[in-house]
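Given these sequences and hints, build the entire structure.
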Amino acid sequence: DGGITQSPKYLFRKEGQNVTLSCEQNLNHDAMYWYRQDPGQGLRLIYYSQIVNDFQKGDIAEGYSVSREKKESFPLTVTSAQKNPTAFYLCASSFTNQPQHFGDGTRLSIL
Amino acid sequence: AQSVTQLGSHVSVSEGALVLLRCNYSSSVPPYLFWYVQYPNQGLQLLLKYTSAATLVKGINGFEAEFKKSETSFHLTKPSAHMSDAAEYFCAVTEGFGNEKLTFGTGTRLTIIP
Chain A
1 DGGITQSPKY LFRKEGQNVT LSCEQNLNHD AMYWYRQDPG QGLRLIYYSQ IVNDFQKGDI
61 AEGYSVSREK KESFPLTVTS AQKNPTAFYL CASSFTNQPQ HFGDGTRLSI L
Chain B
1 AQSVTQLGSH VSVSEGALVL LRCNYSSSVP PYLFWYVQYP NQGLQLLLKY TSAATLVKGI
61 NGFEAEFKKS ETSFHLTKPS AHMSDAAEYF CAVTEGFGNE KLTFGTGTRL TIIP
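Quick note, the sequences are listed as chains A and B, same order.
With the first letter of the first sequence counted as 1, position 32 gets the number 32 in our numbering; the numbers rise by one all the way through.
With the first letter of the second sequence counted as 1, position 102 gets the number 102 in our numbering; the numbers rise by one all the way through.
Rather than coming from a laboratory, the hints here were simulated on the basis of the structure.
Misleading hints may appear alongside valid ones.
[As the list claims (entries may be wrong)] No more than 30 Å apart at the CA atoms, straight line, and that leaves these computed lysine-lysine pairs for DSSO-like: (1) Lys-57/A / Lys-49/B; (2) Lys-101/B / Lys-49/B; (3) Lys-57/A / Lys-71/A; (4) Lys-101/B / Lys-68/B; (5) Lys-57/A / Lys-9/A; (6) Lys-57/A / Lys-83/A; (7) Lys-70/A / Lys-101/B; (8) Lys-58/B / Lys-101/B; (9) Lys-69/B / Lys-9/A; (10) Lys-101/B / Lys-57/A; (11) Lys-9/A / Lys-83/A; (12) Lys-9/A / Lys-68/B; (13) Lys-58/B / Lys-68/B; (14) Lys-49/B / Lys-71/A; (15) Lys-69/B / Lys-101/B; (16) Lys-83/A / Lys-69/B; (17) Lys-9/A / Lys-71/A; (18) Lys-14/A / Lys-83/A; (19) Lys-68/B / Lys-71/A.
Written out as structure tokens, the structure reads:
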């Protein structure tokens, strides 16, 4: 079945560590997105990419980095510069001019 | 700049009663509007979308929404609530396809009372 796979489902980070969240899609979608979800705040856009080897900052990009080396993959790195990384992270993808489809998320916690 | 306001962070309805979840938007251009549903510890699932065709949009699971330009609203309704409708619902806006940056509301948690 086609879909978006996020891994791991739960992730723990120590202070000062970088961690990378995986997002893979087999829907042949052109665009991919990363959102952060905090209770009571909805979803906020971190980064998005509309084509391989190109990406743009969203509303809350500070402390995060991404790469888009392959069409199907869009990993997100939460760096040590992100002071409040505990959140639920959602990856999405879409064809141009079509609604976004979401993965099941990764919950990141700080030890 | 676009924005979305969802009135009521928590809504409770009895099983079989009408569900009404409110969404108002702000957009500098004709908007595209969406409702998504999220079950605990899962991603978001698209319920329905408005893309400037019919103003009354029917979605999955018996939900529908009506686009009212004069009221800048896109409220979500379902005639008869079912226990399985308990979830969090998000309204989102984008300023036209080609600009796929979605702006989300803060969500409404729907509780169904048996």
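Item to check | Numbers of unmet hints, in rising order | outcome: Numbers 9, 12, 16 and 19, in rising order.
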